[in-house]
Amino acid sequence: MPEIRVTPLGAGQDVGRSCILVSIGGKNVMLDCGMHMGFNDDRRFPDFSYITRNGRLTDFLDCVIISHFHLDHCGALPYFSEMVGYDGPIYMTHPTQAICPILLEDYRKIAVDKKGEANFFTSQMIKDCMKKVVAVHLHQTVQVDDELEIKAYYAGHVLGAAMFQIKVGSESVVYTGDYNMTPDRHLGAAWIDKCRPNLLITESTYATTIRDSKRCRERDFLKKVHEAVERGGKVLIPVFALGRAQELCILLETFWERMNLKAPIYFSTGLTEKANHYYKLFITWTNQKIRKTFVQRNMFEFKHIKAFDRAFADNPGPMVVFATPGMLHAGQSLQIFRKWAGNEKNMVIMPGYCVQGTVGHKILSGQRKLEMEGRQVLEVKMQVEYMSFSAHADAKGIMQLVGQAEPENVLLVHGEAKKMEFLKQKIEQEFRVNCYMPANGETVTLPTSPSIPVGISLGLLKREMAQGLLPDAKKPRLLHGTLIMKDSNFRLVSSEQALKELGLAEHQLRFTCRVHLHDPRKEQETALRVYSHLKSVLKDHCVQHLPDGSVTVESILIQAAAHSEDPGTKVLLVSWTYQDEELGSYLTSLLKKGLPQGAT
Amino acid sequence: MDPECSQLLPALCAVLADPRQPVADDTCLEKLLDWFKTIADAGSSLLLLQENPCLVTLLCPVLKPQDLSPRVLAFLLRLAGILAAQEDCFQHLQQGDLLPRLFGEAGPLGGAAWTAPTVRSGWIQGLCSLTQHPSALCFLAHSGAVDTIFSLQGDSSLFVASAAGQLLVHILGLSMQAPAEGHPSLQPAHWPACAQKIVGHIEESLRATATPQVTQALNVLTTMFSHCHDPWTQVLWVHLSPLVACLLEKDPVPAAHSLVDLLLSVARSPVLSSSSCGLWDTLAQTLSRLRASQAGPLALGILKLQECPKALRAQAFAVLLQPLTCVLEATTQAPGLPGSSGPGLQCGVAAIGPVASSEACAGRGGDPTDGELPLAWPPGSVGGTADAPLTAGMLLPSKAACVGLLCQTLAHLELLQPLPQRPSPWPWAPLLSAAVTILRLCNGSATPTSDTGTHLCAFLAGCVRVQRAALDFLGTLSQGTGPQELVTQVFAILLEYLTSPDSSPTVLKKAFQATLQWLQSSPKPSGGGDLEPHAQLFLRELLPVLPKRLCSPCWDVRDSGLEFLTQTVRRWGGQAGFRHALLASEVPELTEQLLRDPESYVRASAVAAMGQLSSRGLHIIPASPGHPGAQQKSLLEELLHILSTDSEGFPRRAVMQVFTQWLRDSHADVAADTEHFVARVLRVASQDLDWEVRAQGLELALVFLEQTLGQPSSSCPYAMTPPAAAPPSLVAQALQPFCRVQLFDFAFRALFDCDRPVAQKSCDLLLFLRAKTASYSDQQGSSSGPDVASLEAALQRWQAGDQGQPLGDLEPEAVVAVLRSLDLEGLRGALAESSDHAEQSPLSLLQDMLATAGILGENEADCY
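First to last, the protein sequences are chains Y and W.
Mapping of the first sequence onto this note's numbering: residues 1 to 600, in sequence order.
Mapping of the second sequence onto this note's numbering: residues 601 to 1464, in sequence order.
Bear in mind the hints are in silico, worked out from the structure with no lab data behind them.
The structure displayed is predicted, hence computed values, not measured ones.
Heads up, the beta-carbon is just placed ideally off N, CA and C, and yes, glycines get one too.
A few of these clues could be false.
One-sided excerpt, in silico: chain Y residues whose CB lies under 7 Å from chain W [as the list claims (entries may be wrong)]:
1) A111
2) K114
3) E301
4) Q356
5) S365
6) Q367
7) K369
8) E371
Here are the simulated lysine-lysine pairs, DSSO-like style, with alpha carbons at most 30 Å apart [unchecked claim]:
9) W:K850 with Y:K27
10) Y:K27 with W:K1148
11) Y:K274 with W:K1148
Model the full structure from these sequences, guided by the hints.
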């Protein structure tokens, strides 16, 4: 019995380190290859030894698919391909291919910067890894090999994020990656067609949440920044190089323009330029509004946001600075934080989650006295704000997507167990499908219907074409033929060809129907009356009265017999072959109406 | 334990024991366990418990597992295991009857919490930690835990199942340690009860009809033979090997992959190597029983063994070569197939494997069990001589199987070739022929006429996977020698791939790599100097192809082309033939254009290539007689422009590497005015936002220092090292150039850079300088003066995080004085620690966990 097997190595009842193994139709696919930023040792990567024990990685895995550029989805990729030794194809969308190396490089630099980690992937490894990438377009069906095909769908979430359909024969799995079902300031909403996969693997970050309007969060954010700037304070927004940063930049840029504000906004490390370049390049991936206004004004060409210079941090007066990295765990953002932390007029806004072991985590948990290097204590007097701008589908959105795709089964990943449990029940109740939520390392096995390929004979196809109907993928139509199995292969052929190939003779099949006629005359006379009546009605057909008293119309035979119990009634036995089914039915209905009185 | 941590621990234990206070970050508990493990490893766990009674209190809630979250429960099980690893602490916990309640029936086992894999995993890991002493074994025996471990081998979680297998091995090893004094009993029936039970379970599993059970048993044995090399393992193998051999009688052989792993782990075990224990027969039998794809890894494993009977090696090599033999057999039937007339193929497939001896060519084979391996034809690898003649149909039943098997074989041979224990002599020529043939089948240039050949052609045409594997293997084969005709074919097929518009970017990259390997291994002609004529001809043919690749719309192709160019120029840039061909091509011009490529990776590679071309004097387009060297100057300007303006780090870093190399090599352009060059580069590099560029700037500064002052331990007669008793004026003179290029401003500022590697580099540089000027400092007692004061003030500002203005002109004397006053060793020590060591410390972890407990829900994990 064919089956689909799914084993999360990461993201099973867990957020971080997404890595899901799927076996479908004898093919093995790895969905995402993320890292966990909460660890500094090998635990940051998924435990690939569970794959390597199956033999050589490149032999075992048919491909790796990356859903989007966030590090919890792609951070382990160079390690996996250049250090563990995977040498096969890696699929991702064009924007992800462009942005992924920037974030990987950023991450590498931070890791090396922080600790001087020697046993870490290098820039060259990131580049070599990216050379194994095959970029795909949305809705383009890509053949990984003769049997395995994949197709990307728009997922919102971040630029280039995609859901992937993986198909082998008639079996298919859809993996959503992270997605967003409501459009945001620069991206559209996720969409998938009614592809009815055997299994939908969906993220469930906000499995129990109905998120408040993003507008409210944006308003809050702007209000807080504005207030801080108005009172002459400096605002630090730690971000990762690309992604959420751009959304916040658009937000501030528009607000600054509208309010005619003068305080400078800076973006550290010169990444705005790069980001602009990619947002311009992949304008088709952004939402409709941005695309429409692009002709008049490029949303990503910021008038108010300038490149940051390290010396600017000491400048007097208010300012807003976007600085990397996003969790205040090294580099520029941490340096600025240290400088500004002591002034209560200043503010730091954390726009995302921070793992333990970072300054970001500390201040978000309310700690205000931080031990720094050399036992120095840094007192945090600046205002600390947390605002999640992450773009995930909430419970309503997840249900909406399940409704759109109409899967046979659902599997939840990228979420917390307790919340998943709630959503699982909801999905099972509403959609009457099985819903699974495996933990990391647990395998879910789904039996599927066997897929049997059937060849079609040229003769049959030609005959179909001769009817003048051209094939149309959108309007499937029925094709009649005979299914034969020969040499373990199935073929659909015409019945004549089937008989010929199989060396069989055709069986004659006749249908017989009894029609009761009220006629006290003898059987021969009744037959003659039937003959006369049919002769007059069926002028185009060959109607004959045979010497034995029976009547024929083409292949249809009509015989009259006396009724065993009622001598005033005659029984007409009408019999025909299945080729003359139409005429036979007509005759029967005609005779059932009775014979005209005048008929002799 | 740190007193501060000890103080916080009770509060944390209270939080953990409170089900209403879940822990926010799932990494915290892991890190907490790491910390407890470190403490337990360093001292007494009993003392730890006695000093921190809250830990015992913490373990008690496990008695009501339904109240706890699975991850806290798993944490407690693991913690108990870590603490109970020491026997006295184990006894202490036993007295409180805590352990049976944690790991026995009364605990989470069998309850609702048991459905969570994390709890089962915690249970196993806890037991694994505590099973370190005889008391633990008694505990396991009485608690019935071993039976639970047996059942967990088939757990739905890979992690749990795998850990259960490992735990069984651990318990078996420990229980056998006690009676191990002296020789182990030859009968496992006399082994300790716990060991007997486990061995009995393994036996039962090996006899099972269900494959998963067999797999579990084989995996446990594999782990055991891989990690435990005590004498009793030999007894165990003797005892179990008949059961293992029985598996080979089944059709199909169950759990083939695990069986291969087991047999190889047994074969590698030093305990078993002295005695065959029937192992070699089992291996030989397994080789012949398994399908080609299953037998390949076994064959490779056998050939990697240090000691092994020759006959078995011969058989294994034949199995490994089977697919290639099959390919050649199928294709050589086709008249006109390239390579079929080559010397390596004159006897067709018979030439592969055991090298073309006349006996092998005749296909007679002989007895593989005697004589040297390469002279014997393995039965079954060539049609006609073996009991079960091999047909292409058997090996290549479908496209997927054919592709998979060929890739696997090529990868195995690639792994085997560099090993000293590879079969000898290594059949270079036939392997080369096979690799070339496969590549020809893949690109459609082979035209076979036989059915099998046609089949293969259809399977392999355009198959990127096989192309990649074959090119990798072909590259590795460059290490050996082959007949000239075959080498010609190798270069021809490589050129075809490099030229073909159908070659995918990944294939092209591999083709470039293989080409480089072949070029590098080309023998130098006897006269020395230039390239071997053959390779020279090839390069001449390749150079017109390269521009097309440099103009490819795919960035990765352009980049691979540039990387190839850089390597070739580095290697043959000095050879006349190559220089002539290169200068006659469009390559230098195109490379220069790629400095402005939209893709930063390509720009960086173009910078490296141009740097190399320039070093070799190869990018000069003949300049007008009036302006010699005009082109070189413009390149320097162009690279400086990239360094100051490129928006991305890769090209800027590449420029710094080129400049540093130029400085090291005394590139003509640099040597013309080194000081001016260094000053310009440092001015730009010191302002760079990318810390790697700044660090490279310091590297360049260090090279400049070394060149000026001499290596730390060198005795270069030309270096301007101030002698031990040098008069101050000489030292000042020696340091004057560094002041002029503003090196000190950069280095002192970098000492407090927010990016640690920059500060470390600067620290190293200043320490080097201090060592060089030490003698002078000793003589100069004074460390005062206006310059010194302003420099020290600036250093304090920088340390405080202020950027401030440049220092302006510095006097060497002030520099020397400040160098002496700075605690550079202390700074270096501080910098050696991770920049987040404070946040990653145990105290910080405890503080974070306590701080988070109150605010959970507001700040949930979503994504990064």
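Hint check:
1. A111: 10 Å, violated
2. K114: Interface hint status for K114 of chain Y: holds (5 Å vs cutoff 7 Å).
3. E301: 15 Å, violated
4. Q356: 4 Å, holds
5. S365: 4 Å, holds
6. Q367: 5 Å, holds
7. K369: 10 Å, violated
8. E371: With a minimum Cβ separation of about 5 Å from chain W (threshold 7 Å), the hint on E371 of chain Y holds.
9. W:K850 with Y:K27: Answer holds: K850 of chain W to K27 of chain Y is near 27 Å, not above 30 Å.
10. Y:K27 with W:K1148: 36 Å, violated
11. Y:K274 with W:K1148: Satisfied, since the Cα-Cα distance of roughly 28 Å is no more than 30 Å.
Going through the hint list in order, the structure does not satisfy hints 1, 3, 7 and 10.
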